[in-house]
Structure formats: C-alpha cells, structure tokens
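Peer 1: Taken in order, the sequence shown gives residues 1 to 505; the numbers are from the numbering used here.
Keep in mind the hints are simulated off the structure, nothing from the lab. Where hints are given, some of them may not hold.
Stated by the list, open to error - In silico SDA-like links for lysine to any residue, alpha-carbon gap of 20 Å or less:
no.: 1; residue 1: 194; residue 2: 224
no.: 2; residue 1: 231; residue 2: 258
no.: 3; residue 1: 164; residue 2: 208
no.: 4; residue 1: 197; residue 2: 174
no.: 5; residue 1: 246; residue 2: 112
no.: 6; residue 1: 231; residue 2: 456
no.: 7; residue 1: 194; residue 2: 213
no.: 8; residue 1: 164; residue 2: 137
no.: 9; residue 1: 197; residue 2: 159
no.: 10; residue 1: 197; residue 2: 207
no.: 11; residue 1: 164; residue 2: 140
no.: 12; residue 1: 231; residue 2: 285
no.: 13; residue 1: 171; residue 2: 139
no.: 14; residue 1: 231; residue 2: 213
no.: 15; residue 1: 231; residue 2: 90
no.: 16; residue 1: 246; residue 2: 197
no.: 17; residue 1: 197; residue 2: 208
no.: 18; residue 1: 194; residue 2: 205
no.: 19; residue 1: 197; residue 2: 265
no.: 20; residue 1: 246; residue 2: 192
no.: 21; residue 1: 197; residue 2: 217
This one's a predicted model, so the numbers in the text were calculated from it and none came from an experiment.
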Amino acid sequence: IEANEGDPNLLFSLAQTLAQGGEAGEAEEIVAGLREDRPDNSQLVMLHADLLDANERSEEAVEAYSECAAGGPAAPRCREKLVELLVEMDRPGEAGERMLGWLGDTDLDSLMRAAGLLWEGGRLELSLDTVQRVLVRAPDSVRARTLEAHLLSALGRHEEALTKLQRLLKKNPDDLDLILAVAWSTYRTGDQAKGRKWIDRAWEQVENDASSRQAVRVALTAARLELIADKPMLAREWLDRVGDVKAAGADYVRLLAETFRREEQWQEGVSALVRIQPSLKGRAQIEAEALEAEFLLRTGDRRAWRRLRPLLDSGSPESVLLGLQVLQALERWPDVDREAAAAISRIGENRDLLFIRAAALERSGQVERAEELFRRLIADEPDDANTANYLGYMWADREVHLDEALELIARAVAADPDNSAYLDSLGWVHYRLGDLDEAEHWLRRAIDVDGNLGDGTLYCHLGEVLLAGGQGDEGRRFLLLGLDMGCENPEHVRSLLESEDDGSR
C-alpha cells in the first residue's frame with residue numbers, strides 16, 4: 001500500500017484481511033474512507049454494513065444495508081442481511097415492511113415471510129393485506145388461510161375469524177395453532193367458559209413435555225386470556241406450568257410481572273423476578289431487571305436506582321428506553337425528562353428517546369416545549385402515526401388547534417384503522433369540535449376494537465359524549481364502567497356523575 005500510494009484495491013484487500021482476523025474496528029475505518037471516493041460501489045457498501053454490524057453500530061448498519069439493498073449486484077444479499085438485522089434488533093414489523101418494497105406478487109413464500117414479520121411487529125392490517133395478496137394467487141394455500149384467520153382474530157374481528165378457523169379445524173382437528181386461535185377468538189367473543197375448554201384441549205396435547213416450545217405457547221396464551229379476564233391468580237397458575245423459562249423469554253417476564261402488578265404485590269413480585277433472572281438471557285433478563293426496579297421503587301426501596309442506573313446510563317437506546325419506561329410507569333415525569341435528556345446528549349437524537357422526552361414534558365406541564373419536540377418529530381417523519389396521534393390528542397384534550405388536531409389524528413387512523421387508541425382520539429377531537437354524532441360513532445368503534453382489554457378511558461370518553469347528547473342512563477353506565485376499569489382523570493369522571501345525579505333529583 002505504501003509503495004503504491006494508497007491503492008484502493010489494496011486497501012480493500014487489507015480491510016477484508018483485517019475483518020477476517022477479527023480487527024473489525026480498523027477495517028471499518030479503512031472502508032469508510034474508501035466509500036467517500038467510491039460512494040456507488042455496492043460491494044463496498046455491503047462490506048461497510050457488515051463491519052458496522054460487527055462493531056455493534058446497528059443503526060448505521062441498517063442505513064448501509066438499506067442503501068445497497070436498493071439495487072446493484074449486492075442487493076439480494078443486502079436485503080437478506082437487512083431483514084436479519086432488523087429482526088435481531090427486535091424490529092420485525094419494519095423488516096416485513098421493508099420486504100414489501102422489493103417483493104412482487106409472485107414471490108409467494110417471501111410474501112408469507114413478510115406477513116409473518118408484520119404480524120410479529122404488530123402491523124396487523126398490513127400483514128392481512130399481504131396475506132390476501134398471496135390468496136389471490138394461491139386461494140387454496142392452507143398456510144395463508146390459517147394466517148388470515150389468526151390475523152382476523154388479532155384485529156378483533158372474532159366472528160369472522162371463528163368461521164374460518166372452525167372450517168380449517170374440521171380438516172386438521174389436532175392442529176395446535178388452530179386450537180389456540182379458536183380458544184382466543186371464542187374467549188374474546190365473551191364465551192370464557194368455552195374458551196377455557198379449548199385451552200384445556202390444547203394443554204392436553206403438550207402437557208407431557210412442559211419445557212417444549214409448544215407447551216410454552218399454550219401456557220402464555222392461557223395466561224394472557226386470564227389477564228384479559230382480570231384473573232391474575234389464574235394467569236399465574238398457567239405461568240407456573242412453564243417448564244423452560246428461558247425459552248419463554250420476555251413475554252413470560254412481562255406476564256408474570258403483570259400478575260403481581262394487578263394485585264399490587266410489589267415485594268412478592270420482586271422475589272419472583274429475582275428468582276427467575278438466573279434462567280434468563282438477553283432482552284428477557286434486562287426486562288426482568290427493569291421490572292424489578294419498578295417494583296422496588298413502588299416499595300420505596302433505595303436499591304431500585306442501583307438496578308436502574310446501568311439501564312439509564314447504557315449506550316443502547318433500547319436499554320435506556322426500558323429504564324425510562326420504569327419511571328414512566330410511576331409517573332415520575334421530571335425524572336423521565338432529566339434521564340431522557342441525558343441519554344439524548346450521550347447517544348444522539350434517537351426518535352424513541354425524543355418521543356418519550358416530549359411526552360414527559362407534556363405530562364409535567366411544559367406543554368410548549370413538548371409541542372416543539374413533537375412538531376420536530378412529525379416534520380422529520382410525517383408518516384409517524386404514533387406521534388401524530390399523541391400531538392393531536394394532546395391538543396384535543398386541551399381544546400386548542402382543533403382543526404390541526406383532527407388532521408393529525410385522521411392521518412394516524414388512516415395508517416392504522418383498527419388501533420383503538422387512534423379511534424378514541426378521533427372520537428374525542430370530534431367531541432371537542434361539537435360533532436356529537438361523529439364522536440359517538442368513533443368512540444363506539446374504539447370500544448368494539450378494544451374488546452375486553454379494559455381501557456377505561458375509552459368508556460369514560462363515550463360516557464361523557466352520551467351525557468352531552470342527552471343519553472343520561474347509558475352515559476352514566478359507561479362512566480361507571482370506565483371508573484371500574486381505571487381511566488384518565490377519574491376526578492373529572494366523578495364530577496360528571498355527581499352533576500348527573502344532581503340533575504336527576
């Protein structure tokens with residue numbers, strides 16, 4: 001290299017040699033320099049992405065893989081690596097959506113993979129659209145028909161789902177996936193006793209090996225259903241059947257913690273979380289530590305901050321967010337603001353960190369500063385439905401900028417039409433605008449989508465709208481339901497009920 005005045009081909013060979021020898025840091029510096037002179041070389045971009053990934057600079061690796069996935073001879077491998085990396089980063093929905101950008105209608109297997117990733121990432125409507133693209137070409141695909149039924153169930157369209165699932169189950173009566181899906185949809189249509197029978201039927205298939213992946217799935221599904229029914233002790237009994245906590249992962253940790261949270265058994269929850277931590281790894285272990293810190297904070301134990309500090313001081317945005325979510329759960333908004341600001345200063349302007357800081361500013365009364373941050377986030381990414389909904393709802397709740405709030409919330413609903421929070425916001429902004437019929441329509445839709453998940457705020461919003469429209473008896477019923485479930489501003493709801501009582505005397 002010295003003899004040939006920094007010949008780029010020799011530098012490229014040196015970078016490859018260094019990378020193969022485990023010197024990824026030095027190799028990345030060389031390749032970054034080469035890219036400045038040869039920005040359109042897809043092989044060079046791919047190598048740079050590999051090196052960034054090896055150096056745990058995941059966000060930069062995503063950008064580089066995205067660049068070379070756009071076209072050129074390296075595009076197929078870059079696309080595969082991009083999807084793998086996004087899944088590793090716990091962003092399966094984004095991975096599935098990226099895949100749709102390069103897949104055609106005849107790529108049926110890949111479309112099904114994308115649909116699965118979209119489902120895993122919570123992008124249910126887009127996943128269903130993708131499955132139905134496959135069914136146009138392959139109407140007899142059992143795999144696609146099964147996923148379609150699961151998605152209908154997940155979207156709250158349980159009657160449609162049950163019809164399709166029962167048809168599939170006749171052909172495959174021992175299919176565990178179908179049995180679990182029927183259990184879920186039956187339970188969610190209100191027939192809990194029959195739903196439990198389906199769960200018991202599923203457990204009979206797997207109980208001889210409680211450590212198996214299938215047994216874990218059955219137990220976790222049963223626990224979720226019991227939590228939806230507000231039966232935390234029954235949920236915990238199902239979790240106790242899991243034979244391999246490590247295989248159950250972060251879902252197990254969250255569900256277990258929720259069973260103690262519902263009962264406000266903070267010390268018992270700490271003991272349970274400490275007990276399972278040696279069996280965990282990766283994100284599940286980090287989440288268990290974060291939840292332990294939350295429960296310790298709730299008991300006033302000073303050890304909580306010793307658990308939180310490694311998360312809050314981490315160089316990983318994902319770890320910092322877990323720590324901040326602990327503080328959010330306890331509504332310690334000044335602490336959230338301070339720690340988020342410190343993380344942004346240390347890590348950079350990560351969107352999730354900026355969002356969580358903006359929300360903390362709003363909750364602590366610093367509305368103008370929060371609005372400034374939210375506007376920046378929307379300006380940088382206009383398709384961010386979550387931020388659009390948050391800012392729109394914030395304005396609607398304060399009865400300001402109502403026309404702009406309606407525009408933002410409508411944009412969020414268009415992006416995710418079965419999101420109950422977005423539908424609630426749309427109903428609420430129509431109420432603030434004085435359109436009671438539209439408000440009632442969207443709030444009832446939000447409750448239909450939400451099903452039995454129990455967001456009391458939706459019920460209270462509908463109750464208030466019904467009262468305003470002169471439907472006192474039904475409005476009162478929804479307000480009482482919302483209070484029982486737990487809602488925002490319970491004092492305001494009680495004052496509405498008292499006013500209604502006074503008016504009826």
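Peer 1: Now tell me if each hint is right for this structure.
Peer 2: Hint check results:
A hinted pair counts as satisfied when its Cα atoms are at most 20 Å apart, and residue 194 with residue 224 qualifies at roughly 16 Å. Annotation: proposed proximity of residue 231 to residue 258 holds, straight-line Cα distance about 11 Å (limit 20 Å). Between residue 164 and residue 208 the CA atoms are separated by roughly 30 Å; this puts the pair beyond 20 Å, and the hint is violated. Our distance criterion of 20 Å between C-alpha atoms is met by residue 197 and residue 174, whose separation comes to about 14 Å.
At roughly 28 Å between alpha-carbon atoms, residue 246 and residue 112 are farther apart than 20 Å, so this suggested pair is violated. As the CA atoms of residue 231 and residue 456 are separated by approximately 17 Å, the hinted pair is consistent with the 20 Å bound. Under the criterion of a C-alpha separation no larger than 20 Å, the hint pairing residue 194 with residue 213 is inconsistent with the structure, at around 24 Å. Note on residue 164 and residue 137: the hinted pairing holds, with a Cα-Cα distance of about 19 Å set against a maximum of 20 Å.
Distance check on the hinted pair: residue 197 and residue 159 sit about 18 Å apart at the alpha-carbon level, within 20 Å; holds. Proximity of residue 197 to residue 207 is assessed by CA-CA distance (about 15 Å); at most 20 Å being required, the pair is judged to hold. About 13 Å separates the Cα atoms of residue 164 and residue 140, which keeps this hinted pair within 20 Å; it holds. Of the pairs offered as hints, the one joining residue 231 and residue 285 is violated, with about 25 Å between alpha carbons and a cut-off of 20 Å exceeded.
With a C-alpha separation of about 16 Å, the suggested pairing of residue 171 with residue 139 holds against the 20 Å cut-off. A threshold of 20 Å between alpha carbons decides the hint, and for residue 231 with residue 213 the separation of about 24 Å lies outside it, so the pair is violated. With a C-alpha separation of about 29 Å, the suggested pair residue 231 and residue 90 falls outside the 20 Å cut-off, and the hint is violated. In summary, the hint linking residue 246 to residue 197 is not supported, as the alpha carbons are separated by about 28 Å, beyond the 20 Å threshold.
For the hint linking residue 197 to residue 208, the alpha-carbon distance of about 18 Å falls within 20 Å, and the restraint holds. A threshold of 20 Å between alpha carbons decides the hint, and for residue 194 with residue 205 the separation of about 18 Å falls inside it, so the pair holds. Under the criterion of a C-alpha separation no larger than 20 Å, the hint pairing residue 197 with residue 265 is inconsistent with the structure, at around 29 Å. For the hint linking residue 246 to residue 192, the alpha-carbon distance of about 29 Å lies beyond 20 Å, and the restraint is violated.
Note on residue 197 and residue 217: the hinted pairing holds, with a Cα-Cα distance of about 16 Å set against a maximum of 20 Å.
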